[in-house]
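For the protein sequence lines, the chains are A and B, in the order given.
Here the first sequence is numbered in this note's numbering, starting from 1 and rising by one per residue.
Here the second sequence is numbered in this note's numbering, starting from 1001 and rising by one per residue.
Bear in mind the hints are in silico, worked out from the structure with no lab data behind them.
Misleading hints may appear alongside valid ones.
[What the hints assert, rightly or not] Derived pair list, reagent style DMTMM-like, types lysine to aspartate or glutamate, alpha-carbon separation capped at 25 angstroms:
#	chain 1	residue 1	chain 2	residue 2
1	B	Lys1342	B	Glu1324
2	A	Lys99	B	Asp1049
3	A	Lys99	B	Glu1236
4	A	Lys314	B	Asp1049
5	B	Lys1510	A	Asp78
6	A	Lys138	B	Glu1022
7	A	Lys314	B	Asp1469
8	B	Lys1238	A	Glu273
9	B	Lys1142	A	Asp285
10	A	Lys223	A	Glu259
11	B	Lys1436	A	Asp110
12	B	Lys1157	A	Asp285
13	A	Lys99	B	Asp1469
14	A	Lys256	B	Glu1236
15	B	Lys1149	A	Asp78
16	B	Lys1156	A	Asp78
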Amino acid sequence: MRQEKAFDERLERKGVSRRDFLKFCSLVSATMGLAPSLAPKIAEALTSPQRTPVVWLSFSECTGCPEGLLRTMYPWIDELVLDVISLDYHETLMAAAGKQSEQVLQTTVDKYPGKFICVVDGAIPTAENGVYGMIGGKTMLDIAKEVCPKALANICIGTCSSYGGLPAASPNPTGAKDLESALGEALKTPVVKVPGCPPNPINFVGTVVNYLLFGKLPDLDDKKRPLFAYGRTVHDTCQRRSHYEGGEFVTEFGSKEAELGYCLFQMGCKGPETYNNCSIVKYNDGTSWPVQAGHPCIGCSEPEFWDKMSPFYKSL
Amino acid sequence: MAERIVVDPITRIEGHLRIEVEVANGKVTNAWSSSTLFRGLEIMLKGRDPRDAWLITQRSCGVCTYVHALASVRSVDNAVGVRIPENARIIRNLLMGAQFLHDHIVHFYHLHALDWVDITGALKADPKKTADLANQVSPAGKSGVNDFKAVQARLKKLVESGQLGIFAGGYWGHPAYKLPPEVNLIAVSHYLEALRQQARTARLHAIFGAKNPHLQSLVPGGVTCVADLNPDRIAEFKYLWLETMDFVNNVYIPDVVAVAGFYKDWGKIGGTTNFLTYGEFPQSEKEPDSMVLPRGAIFKRKVGDVQPVDISQIQEHVKHSWYEGEGALHPASGETKPNYDKLDVGNRYSWMKAPRYKGEPMEVGPLARVLVAYGKGHQPTKTAVDGLLKKLTIPQEALFSTLGRTAARALETKIIGEAMEGWITQLVTNLKNGDKKTYQPYEMPEQAAGFGLNDVPRGALGHWIEIKDKKIGNYQLVVPSTWNLGPRCAQNKMGPVEEALVGTPVADPKRPVEILRTVHSFDPCIACGVHVIDPQTNEVYKFKVV
């Protein structure tokens, strides 16, 4: 009870009503396919007094994944990084720079061995001993070797750290690899992959919540993606599915059929081969998702999609 | 005694950047900017379907998402010779306008503000005084005593927890921080508010662009979001636009003015010499004449003498980059190969090349755009700039500075934001008149070449494409941060950020917050700045620059 009271006070101080907060918890439990009765438990897990330390390593990437995380609304990003977790190292947001920032990373790794969560975005250049990507005078490969095995778990956010993504697209000029392949056996700690280009932040938050709530990582598919988010294909859950069944297809952008929201299969939609929950949770507070905006799915949460799913406008 | 300082990584930017400076008698006397990541997107583009290029190049950068998407579809539009419908041009402009609104707010509050604002200073503020001050400065909401008390309590709680998170290791308490506690508290409060505002503003992109970051509603020939051109969606867009403009007018700009008032000495630090813009926001097919923000070049700070831009005068130098060769390479005839040896600021020290226009380094971005527009007599820009100079009681020369760069970014946010209203009205008028056309079909030619130019939040951006057998034969990006953050050229002339850093004071070499101020004022975006050639054939550079 005491903890619950403290938690309410903290919410209040943040200017967040308990109702808003529970709305988030319900959304997360729905995303994760959990019973609605678990929502209060999620609330509790999210507000424990000691915040779980998180270090976020950005390698060969475009910063789309860190930016994507900034778009989270339940909880808002300020709540997530100041109240739920302790985001100790994150190059895009952190105040510290240069030596001080590297010290912060070292401190967290030393102080919480086996207890911090390591989030990785971006692939790891491995050609020429990793010279194509350096931070603070070290190669990204060396940084990953040093930090990731010491984490409680590694969450690969985005398709680059999960499967290589764009840097590894043919002909992969920098020998870029996903985290697991780059580190090989040196990486003994668990890995969860939250792919997408970038992924919906709700899937990342859901993964973190799963850990905070159950003390374990979520159930994964054979590509190490959480089943709660990547358990079904985009095609299975698509709002336009009935048009597919009814043989109503768009054959030209901007056409009458496009205006009517017919199926984009013939325009190259990769929804049937793509596991993700885009059509259910949508992006940016449920505002839209590619198919709703009239554009075919490009399969961005699948391994090697830049090569295997392209040309993107050619039908499966 | 000269001392070398290295800041690596420069945080609160996109990508991976290293800055080295030489300091003597408390001032920077020399500087070197190094980009430390290389991805090679141009190599990957070769042989792919030209229609796919925009999806790939958009991943140049997730902070300035959309801008490479737009440059790329423009280059393919241009190559295949398709004339996009007016509604498509309007939607593309609205999405670009939204990008500026979002990007500049995030830059000021989350990437730049902590160079000027001491988070710990906010703890000492009196909430009542803070509220009084805030109410004097602007009519922004959430500025009551209780609002500031709540922010302060939250901050205190964070500090007491011992887990400072993203605020750990900052240069707090540094003597270069000049804001009174109350101004610090207002700024911290708005830092947090802006974190939420940016998430809402990004919805502007999702409405007509599916999602943000990395939109998905463009195609060569137009846009795909025809089903979203309905009253509900337009109203949603307009509401979010209004909310964002309220934030820009009542929070962002007043904050920049208030903070600048305590840092007027930065109106004499961090300036550069030459400026280049491609222009942006075409109002018709006539480019560059119909653009809201004009195209132009300024040499030696002569704002009254804006010159037309001749794109063929661009050259890229590699003498100080990790590529083979010494001289100035015209993009049409490069013989370049990646050649990493070691980081040696006396020799080669960056993956970026050094672009030059008529042999000169050119600053691109908000300050360049504001100066060119001002020089060309663009009325909204003149009004905004003159108003700011008067309010701060600083001379026009103060624009050539770190302060001027940061202020120009805020001013253009308002100027662009206000222009967006007219585009929304135009879209509604077209729809009312039964014009719902958003896409123009075209044939993919066997051979073609084209280019797409934009002015994006960080500056002048160009994509060049060559189509061969209906596939991408060659593709080239020349991007803003290469102009601003690139290394020295064959003539050993410094790049803009290097030039800007010289003369910057450094009070404590171990905590060089002043360096961050000038570097961050350029809003570096490095991932897209590093573009690459094919190590074997170098074909990416076999381009005719138009």
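Margin query: Does Glu1324/B sit within 25 angstroms of Lys1342/B, going by the straight-line distance between their CA atoms?
Written below: 13 angstroms, holds
Checklist line | Restraint check for Lys1436/B with Asp110/A, where alpha carbons must lie at most 25 angstroms apart | finding: Given pair Lys1436/B, Asp110/A is violated - Cα atoms ~60 angstroms apart, limit 25 angstroms.
Next item on the list: For the pair supplied as a hint, Lys99/A and Asp1049/B, confirm whether the alpha-carbon distance does not exceed 25 angstroms.
Entry: Measuring from Cα to Cα gives roughly 44 angstroms; hence the hint is violated.
Check: Are the Cα positions of Lys1149/B and Asp78/A separated by 25 angstroms at most?
Finding: Cα-Cα ~17 angstroms, so holds.
Next item on the list: Please work out if Lys314/A and Asp1049/B have their alpha carbons no farther apart than 25 angstroms.
Entry: OK: Lys314/A and Asp1049/B at ~10 angstroms, within 25 angstroms.
Margin query: Against the 25 angstroms threshold, does the CA-CA distance of Lys1157/B and Asp285/A hold or violate the hint?
Written below: 29 angstroms, violated
Check: For the pair supplied as a hint, Lys1510/B and Asp78/A, is the alpha-carbon distance within the 25 angstroms limit?
Finding: 29 angstroms, violated
Check: Holds or violated: are the alpha carbons of Lys1156/B and Asp78/A at most 25 angstroms from each other?
Finding: 15 angstroms, holds
Notebook entry, point to check: Given the proposed pairing of Lys99/A with Glu1236/B, does the C-alpha separation stay at or below 25 angstroms?
Noted result: Judged against 25 angstroms, a Cα distance of about 45 angstroms means the pair is violated.
Note to self: Would the hint linking Lys99/A and Asp1469/B be met if the CA-CA limit is 25 angstroms?
What the structure shows: Violated, at about 51 angstroms.
Margin query: Please verify whether Lys223/A and Glu259/A have alpha carbons no more than 25 angstroms apart.
Written below: 36 angstroms, violated
Note to self: Run the distance test for Lys256/A versus Glu1236/B: straight-line Cα separation, threshold 25 angstroms.
What the structure shows: Distance ~23 angstroms between Lys256/A and Glu1236/B Cα, so the pair holds.
Against the hints set out earlier in the document, violations occur for numbers 2, 3, 5, 8, 10, 11, 12 and 13.
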